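Number of protein chains: 2
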Amino acid sequence: MRPLNVSLIQQSCSCNREANMAKTAGMAKKAANEGAKLVVLQELHCGLYFCQSEMTEVFDLAEPIPGTSTDFFGTLAKELHIVLVTSLFERRAPGIYHNTAVVFEQDGSIAGVYRKMHIPDDPGFYEKFYFTPGDLGFTPVRTSIGKLGILVCWDQWYPEAARLMALAGADMLIYPTAIGWDMSDDVTERKRQLEAWEIVQRGHAVANGLPVLAVNRVGFEMSDTPGASGICFWGSSFIAGPQGEMLVSGSTDQEEIVAAKIDLDRSEKVRRIWPFLRDRRIDAYDELTRRYRD
Amino acid sequence: MRPLNVSLIQQSCSCNREANMAKTAGMAKKAANEGAKLVVLQELHCGLYFCQSEMTEVFDLAEPIPGTSTDFFGTLAKELHIVLVTSLFERRAPGIYHNTAVVFEQDGSIAGVYRKMHIPDDPGFYEKFYFTPGDLGFTPVRTSIGKLGILVCWDQWYPEAARLMALAGADMLIYPTAIGWDMSDDVTERKRQLEAWEIVQRGHAVANGLPVLAVNRVGFEMSDTPGASGICFWGSSFIAGPQGEMLVSGSTDQEEIVAAKIDLDRSEKVRRIWPFLRDRRIDAYDELTRRYRD
Chain G
1 MRPLNVSLIQ QSCSCNREAN MAKTAGMAKK AANEGAKLVV LQELHCGLYF
51 CQSEMTEVFD LAEPIPGTST DFFGTLAKEL HIVLVTSLFE RRAPGIYHNT
101 AVVFEQDGSI AGVYRKMHIP DDPGFYEKFY FTPGDLGFTP VRTSIGKLGI
151 LVCWDQWYPE AARLMALAGA DMLIYPTAIG WDMSDDVTER KRQLEAWEIV
201 QRGHAVANGL PVLAVNRVGF EMSDTPGASG ICFWGSSFIA GPQGEMLVSG
251 STDQEEIVAA KIDLDRSEKV RRIWPFLRDR RIDAYDELTR RYRD
Chain Z
1 MRPLNVSLIQ QSCSCNREAN MAKTAGMAKK AANEGAKLVV LQELHCGLYF
51 CQSEMTEVFD LAEPIPGTST DFFGTLAKEL HIVLVTSLFE RRAPGIYHNT
101 AVVFEQDGSI AGVYRKMHIP DDPGFYEKFY FTPGDLGFTP VRTSIGKLGI
151 LVCWDQWYPE AARLMALAGA DMLIYPTAIG WDMSDDVTER KRQLEAWEIV
201 QRGHAVANGL PVLAVNRVGF EMSDTPGASG ICFWGSSFIA GPQGEMLVSG
251 STDQEEIVAA KIDLDRSEKV RRIWPFLRDR RIDAYDELTR RYRD
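In the order they appear, the protein sequences are chains G and Z.
Residues in the first sequence are numbered from 1 upward in steps of one, following my numbering.
Residues in the second sequence are numbered from 1 upward in steps of one, following my numbering.
No lab work stands behind these hints: they were computed from the structure.
Since we're looking at a predicted model, the values are computed, not measured.
All C-beta atoms in this analysis are idealised placements derived from N, C-alpha and C, irrespective of residue type, glycine included.
Treat the hints with caution; some may be incorrect.
[Claimed, not checked] With the C-beta cut set under 10 Å, the calculated list includes, among others, these residues of chain Z facing chain G: (1) LYS23; (2) ALA111; (3) ARG272.
[Said to hold, decoys possible] Looking from chain G toward chain Z, a few residues come up when the C-beta cut is under 10 Å (computed): (4) VAL58; (5) ALA62; (6) LYS78; (7) ASP122; (8) THR132; (9) TYR158; (10) VAL187; (11) HIS204; (12) MET222; (13) SER223; (14) PRO226; (15) GLY227; (16) ALA228.
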């Protein structure tokens with residue numbers, strides 16, 4: 001057994017950036033004290049989810065990488081001696097901003113970054129306005145505790161992204177997320193959405209024989225868009241094993257540390273009884289690079 | 001709403017081929033009488049699951065397409081005025097045999113075939129000995145009730161197969177299946193396996209915004225291999241909607257008709273709120289055709 005204690009930090013955010021970061025640091029410290037060697041933060045954890053409307057001044061929140069935030073989280077990772085997965089609004093150049101996950105080594109150095117590849121745009125989630133699609137591809141970040149297949153939120157609906165990370169040797173899939181309900185949807189629709197979100201990611205675990213870690217924020221955040229009803233982020237952060245089996249999952253509405261001990265050796269055991277990677281029909285997959293087969 | 005009544009025939013099989021086919025016909029007739037317009041049979045429904053051991057004489061069971069079995073099921077489809085999805089052991093040439101789904105139109109004609117693309121081989125499921133990998137690719141079968149994305153059993157673990165069917169305009173994904181437990185596995189492992197099987201297919205529904213129909217056999221079948229413990233087929237045939245929501249599912253051990261009314265218009269509604277196909281990064285998927293990215 002190759003055990004690894006992992007913790008997800010599920011929190012709410014306010015417009016007070018320093019307070020959010022202090023809360024994150026406090027929860028990460030508690031997780032580390034409880035034995036976590038890998039701590040994963042939710043998507044854009046430094047503040048409110050700002051994509052509910054399109055406002056040019058929001059770009060002022062973007063920051064260079066490395067920069068002030070990476071200094072802060074690097075210091076935190078070093079202090080706690082953990083590998084830390086963060087999610088920042090990157091200012092790469094004037095007019096080029098990304099939704100970027102930054103991974104810190106136990107010594108506080110930056111182990112690698114991933115720039116969100118799939119960018120959503122639907123009512124309340126106007127991300128195409130803010131985020132330039134990633135140009136680093138699907139490459140795991142190599143760390144002292146394993147190769148981390150970091151993907152971000154909307155990526156989680158794409159089997160292609162999970163597969164490419166698995167094929168590149170990822171030891172696990174990790175999804176910092178900001179997803180929630182439009183409360184004008186009825187209860188059954190909200191239930192379907194939450195289950196679909198969980199199922200599709202557990203499906204990636206199954207199809208690739210890898211653990212999956214998904215961490216999502218909680219709390220209601222208002223919209224500045226007239227008539228929009230805001231987003232109730234549904235939490236439910238979870239850790240699944242390489243057969244998609246649920247190891248632990250969080251509440252829909254509480255700030256909490258969602259923790260589990262995963263066994264990195266189990267992936268190979270599972271892949272020996274279910275050798276999906278062996279039988280892929282790579283001779284017949286060419287058209288996956290087409291938009292539509294019409 | 002574009003409703004379609006679909007029925008899955010979940011049955012056990014004996015070594016008596018005629019009795020199996022008569023039972024299938026009886027259940028299909030009952031399904032049609034209850035309103036089914038599409039009836040789907042399980043994988044290799046004419047007999048025992050013969051891949052538990054490797055015996056050359058088993059190839060005698062294979063048959064040409066068209067042939068005696070397609071005459072039988074074509075007549076049945078015409079009599080019941082249904083679209084019927086069957087699963088046969090195809091003899092294409094001496095030494096070339098396939099695991100082939102044959103789809104019949106309401107008038108009894110053959111609407112199209114699909115030859116199983118992904119072929120498993122693990123203890124008790126020695127399919128690579130019997131089945132030449134399919135060479136027809138992932139192409140839906142066009143019928144009077146819609147384009148059917150037929151895939152077979154082991155294909156169900158491959159998101160690539162589901163995606164290629166969706167990109168080719170499939171209205172639903174259909175998985176005739178023969179999967180079960182090795183009862184020497186403990187209860188928790190058996191539970192993980194059944195859940196993984198269900199989750200990965202519901203995940204395809206979510207990722208592609210399509211209904212999924214999976215039909216599996218029930219019953220215990222002995223193995224001719226010394227020391228092998230046989231297979232307890234786990235049934236659990238199910239129909240899920242385009243958000244992966246479970247509409248109906250069968251028992252693990254009873255012969256039954258698993259039926260639901262699906263709404264073919266819901267896929268487009270779902271794809272409008274979750275437009276995953278719009279945002280695929282086809283510029284970054286090239287390496288899906290590699291065996292491994294090392």
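Each hint, compared with the structure:
1. Against a cut-off of 10 Å between C-beta atoms, the interface hint on LYS23 (chain Z) is violated, since the closest Cβ of chain G lies about 31 Å away.
2. With a least beta-carbon distance of about 19 Å to chain G, the hint placing ALA111 (chain Z) at the interface is violated under the 10 Å criterion.
3. At a threshold of 10 Å, the smallest CB-CB gap from ARG272 (chain Z) to chain G is about 9 Å, leaving the interface hint in force.
4. For VAL58 (chain G), the shortest C-beta to C-beta distance to chain Z is roughly 21 Å, which exceeds 10 Å, and the interface hint is violated.
5. For the restraint placing ALA62 (chain G) at the interface with chain Z, the shortest Cβ-Cβ distance is roughly 22 Å, beyond the 10 Å limit, so the hint is violated.
6. The beta carbon of LYS78 (chain G) is not positioned within 10 Å of any beta carbon in chain Z (closest approach about 31 Å), and the interface hint is therefore violated.
7. A least Cβ separation of about 6 Å between ASP122 (chain G) and chain Z falls short of the 10 Å threshold, and the interface hint therefore holds.
8. For THR132 (chain G), the shortest C-beta to C-beta distance to chain Z is roughly 13 Å, which exceeds 10 Å, and the interface hint is violated.
9. Residue-level restraint check for TYR158 (chain G) holds (minimum Cβ-Cβ distance to chain Z is 7 Å; threshold 10 Å).
10. Against a cut-off of 10 Å between C-beta atoms, the interface hint on VAL187 (chain G) is violated, since the closest Cβ of chain Z lies about 13 Å away.
11. For HIS204 (chain G), the shortest C-beta to C-beta distance to chain Z is roughly 7 Å, which falls under 10 Å, so the interface hint holds.
12. Given hint, MET222 (chain G) at the interface with chain Z, is violated; its Cβ is 21 Å from that chain's nearest Cβ, farther than 10 Å.
13. Residue-level restraint check for SER223 (chain G) is violated (minimum Cβ-Cβ distance to chain Z is 17 Å; threshold 10 Å).
14. The beta carbon of PRO226 (chain G) is not positioned within 10 Å of any beta carbon in chain Z (closest approach about 21 Å), and the interface hint is therefore violated.
15. This hint is violated: GLY227 (chain G) has a C-beta 17 Å from the nearest C-beta of chain Z, more than the 10 Å allowed.
16. The closest approach between the C-beta of ALA228 (chain G) and any C-beta of chain Z is roughly 15 Å, which is over the 10 Å cut-off, so the hint fails.
Going down the numbered hints, you'll see the structure goes against 1, 2, 4, 5, 6, 8, 10, 12, 13, 14, 15, 16, while the others check out.
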